[in-house]
Amino acid sequence: MSAVPIERSRDVAGKKIDYQSVPDESGHYGPYGGRFVSETLIHALDQLEHTYKTLSADPDFHKEFDQDLAHYVGRPSPLYHARRWSQELGGAQIYLKREDLNHTGAHKVNNTIGQALLAKYTGKKRVIAETGAGQHGVATATVAARLGMECQIFMGEEDIRRQALNVYRMKLLGAQVTSVTSGSRTLKDAMNEAMRDWVTNVDDTFYIIGTVAGPHPYPQLVRDFQAVIGREARAQCLEMTGRLPDSLVACIGGGSNAIGLFHPFLDDAGVSMYGVEAGGYGVETGKHAAPLTAGSPGILHGNRTYLMQDDAGQIIHTHSISAGLDYPGVGPEHSWLKDIERVNYVTINDDEALAAFRGLTLTEGIMPALESSHALAYVEKLAPGMDKDKIIIVNLSGRGDKDIHTVAAIDGITI
Amino acid sequence: MSRITACLQRLQAKSRKALIPYIVAGDPNPGFTVPMMHKLVEQGADILELGVPFSDPMAEGPVIQLAHERALLHNVSLRAVLDMVKEFRQQDQQTPVILMGYANPVHIIGYQQLAKLAAEAGVDGFLTVDMPPEEATELHAALKAVAIDIIFLIAPTTTEQRIRTIADMATGYLYYVSLKGVTGAGHLDIDSVKEKLAQIRAICSLPVTVGFGIKDPASAQSIARFADGVVVGSALVNRVVELNAVDEQEQIAQSTQIISDMRRAIDAV
Chain F
1 MSAVPIERSR
11 DVAGKKIDYQ
21 SVPDESGHYG
31 PYGGRFVSET
41 LIHALDQLEH
51 TYKTLSADPD
61 FHKEFDQDLA
71 HYVGRPSPLY
81 HARRWSQELG
91 GAQIYLKRED
101 LNHTGAHKVN
111 NTIGQALLAK
121 YTGKKRVIAE
131 TGAGQHGVAT
141 ATVAARLGME
151 CQIFMGEEDI
161 RRQALNVYRM
171 KLLGAQVTSV
181 TSGSRTLKDA
191 MNEAMRDWVT
201 NVDDTFYIIG
211 TVAGPHPYPQ
221 LVRDFQAVIG
231 REARAQCLEM
241 TGRLPDSLVA
251 CIGGGSNAIG
261 LFHPFLDDAG
271 VSMYGVEAGG
281 YGVETGKHAA
291 PLTAGSPGIL
301 HGNRTYLMQD
311 DAGQIIHTHS
321 ISAGLDYPGV
331 GPEHSWLKDI
341 ERVNYVTIND
351 DEALAAFRGL
361 TLTEGIMPAL
371 ESSHALAYVE
381 KLAPGMDKDK
391 IIIVNLSGRG
401 DKDIHTVAAI
411 DGITI
Chain B
1001 MSRITACLQR
1011 LQAKSRKALI
1021 PYIVAGDPNP
1031 GFTVPMMHKL
1041 VEQGADILEL
1051 GVPFSDPMAE
1061 GPVIQLAHER
1071 ALLHNVSLRA
1081 VLDMVKEFRQ
1091 QDQQTPVILM
1101 GYANPVHIIG
1111 YQQLAKLAAE
1121 AGVDGFLTVD
1131 MPPEEATELH
1141 AALKAVAIDI
1151 IFLIAPTTTE
1161 QRIRTIADMA
1171 TGYLYYVSLK
1181 GVTGAGHLDI
1191 DSVKEKLAQI
1201 RAICSLPVTV
1211 GFGIKDPASA
1221 QSIARFADGV
1231 VVGSALVNRV
1241 VELNAVDEQE
1251 QIAQSTQIIS
1261 DMRRAIDAV
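Those protein sequences? They're chains F and B, same order as listed.
Just so you know, the first sequence maps onto residues 1 to 415 in the numbering used here.
Just so you know, the second sequence maps onto residues 1001 to 1269 in the numbering used here.
Pulled out of the complex, with its shape left as it was, chain F reads as follows:
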């Protein structure tokens, strides 16, 4: 394919948007983000912000991070041209960013490597984390084992049931897994409980948040650590095809794999982006996890963002077949990108995701996580309407091994 000139920057309503300008000094992304936490945590967040600012200007820190990503995680992850699947859909050429091939099986480890380095530099001996599907919990337990740190993972009782394999993996890695039985017993409640632990043990504990949510500076630093996905994909695409992709697609729970892929392309005006939320049983049923599509702005877990809430401001229960997307909020930068219309946010229902899970497995011999299957299912809608010389990059954010029990149960098989 011939190289086409790369269009930089973009005007929205005649006003140039500077995508690198967020977050601002106080941690806001337009009207979103911020630091909505109880007073006890402010000092720890100030310290974290300071540490991150100092270290992100330190070449040695970046060198150590890059080396860990190369030799421990196995980066760069491949950009794979799914020829057979592309042909089957009959439209755009589809490239899979293979985050499923990372050590521990998902994109989550990029961030835990980065935050564990921060924990190490600040001398914290104990790390805690919340987890939904268990991927972030496994990635945290993994880096904790490697650095010899004490590790406690908070996981909703409902998710522990759905993700038994990952629970056992965490235990093998030496982590203590605490079952959270409050509220809806899923990811949001695990995050509440992790916050409660952090407030109690703030002196010696580093809280490794797994997504681009939480109080400032978490959404920023998680984005920066995950942006390696997009930087690699951009370079790989240019090298393989001589041009940039036309579209990017990624699934969104809190939104870390999506922001990681999208962020390095935001200034590329010709690249359209699709963030795929969990439509559950269908947005119209109310049983879903799609705050950007069907929610409204509110305040939860330390930041202002789109939420699923009732008219009294209570957070409502979410539903998704995938534990990793089963979250009522979303990272504040996504809320901002939605409002300024840089990214399109769409939904995929449980059954569509499940069909895509089976489809990719049969067509390409790659078994995707149910979370990533939401992105794949959207590609199935998007690609056929595009010309064959167009390019879509989809973030294959994790592998499907952890979901085999869920899929088997749907098939009526007990393993």
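Worth double-checking, as some hints may not be accurate.
Unchecked claim - Per label pair, the in silico range of CB-to-CB distance: (1) 285/F x 1079/B: 24 to 34 Å; (2) 1192/B x 239/F: 53 to 63 Å; (3) 1241/B x 59/F: 30 to 40 Å; (4) 412/F x 1249/B: 49 to 59 Å; (5) 1257/B x 181/F: 24 to 34 Å; (6) 410/F x 1074/B: 54 to 64 Å; (7) 1257/B x 408/F: 53 to 63 Å.
Said to hold, decoys possible - Below, a sample of chain B positions facing chain F; criterion: calculated Cβ distance under 8 Å: (8) 1065; (9) 1105; (10) 1134; (11) 1180; (12) 1182.
To be clear, the hints were calculated from the coordinates, so they are not data collected in a lab.
Small disclaimer: the values here were computed from a predicted structure and weren't measured.
Think of the CB as a built atom: it goes at the ideal place given N, C-alpha and C, for glycine as much as any other residue.
We have chain F; now place chain B onto it with these hints.
Here is chain B on its own, set in the frame of chain F:
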């Protein structure tokens, strides 16, 4: 002068310390709350803190979390809590009432609208746990316009510089969180509280109350020696559900007994 300031000045003139019970509005059911508020005043409470139920009460320990869940089973919203205050005010125009809760139920009503409704209901102060001063500019302005106090937390981890920032914006009183942890935790360190209060008083002249971890008359008394007021939450909330009294009136009487015990203890200081 706000009802809170008037109350605290009156107490100070008599060298008395404020006793501030906290209950979750609507726990264990909505009909319980207003009679309970009156009873608390009768047993010696000076100021009442009403917890506004929220689905994700991140700063609370298990006792108060469960109280939020019980209240939410009855769909007790912030608007319903305002109605309870309005009802309470029909008989009691003197006792200050503070609403303590989380940002989202406040945010969804809108700060201006909320300030208007709260003033009409007879609310005297707001303590929004997850809204530190940096994020509270709009709420502060809205409440100030209707002369409702904004109460902020100070924690063991709050630096001297931040105490100044908080003191600049706070009105009514400051609420010192006596420990690093959630409400109802068990590791209160009296000496460290005393030290921090001295630091706060060197910076700010507002009265300072202390809460989190005060569970009996003895701990209330120790804290009252140097604080302007003590807040008791989990110990009281726990009694509301623990007791299996024959009827609601009996249950209210028995569970609020701890307040009159605490009253005697802190008045002996």
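Now the hints, each set against the structure:
At roughly 27 Å, the beta-carbon separation of residue 285/F and residue 1079/B lies within the given 24 to 34 Å, and the hint holds. Separated by about 59 Å at the C-beta atoms, residue 1192/B and residue 239/F satisfy the suggested range of 53 to 63 Å. At roughly 57 Å, the beta-carbon separation of residue 1241/B and residue 59/F lies outside the given 30 to 40 Å, and the hint is violated. Checked against the hint of 49 to 59 Å, the C-beta distance between residue 412/F and residue 1249/B comes to roughly 56 Å, which is consistent with it.
Taking 24 to 34 Å as the suggested C-beta distance range, the pair residue 1257/B and residue 181/F conforms, at roughly 31 Å. For residue 410/F and residue 1074/B, the hinted distance range of 54 to 64 Å is not satisfied, since their beta carbons lie about 37 Å from each other. A hinted range of 53 to 63 Å holds for the C-beta pair residue 1257/B and residue 408/F, which are about 57 Å apart. Taking 8 Å as the C-beta contact cut-off toward chain F, the hint placing residue 1065/B at the interface holds, the least distance being around 6 Å.
A least Cβ separation of about 4 Å between residue 1105/B and chain F falls short of the 8 Å threshold, and the interface hint therefore holds. Given hint, residue 1134/B at the interface with chain F, holds; its Cβ is 6 Å from that chain's nearest Cβ, closer than 8 Å. For residue 1180/B, the interface hint holds, the least distance from its beta-carbon to any beta-carbon of chain F being 6 Å, beneath 8 Å. Restraint check, residue 1182/B versus chain F: the minimum CB separation of about 5 Å is within 8 Å; hint holds.
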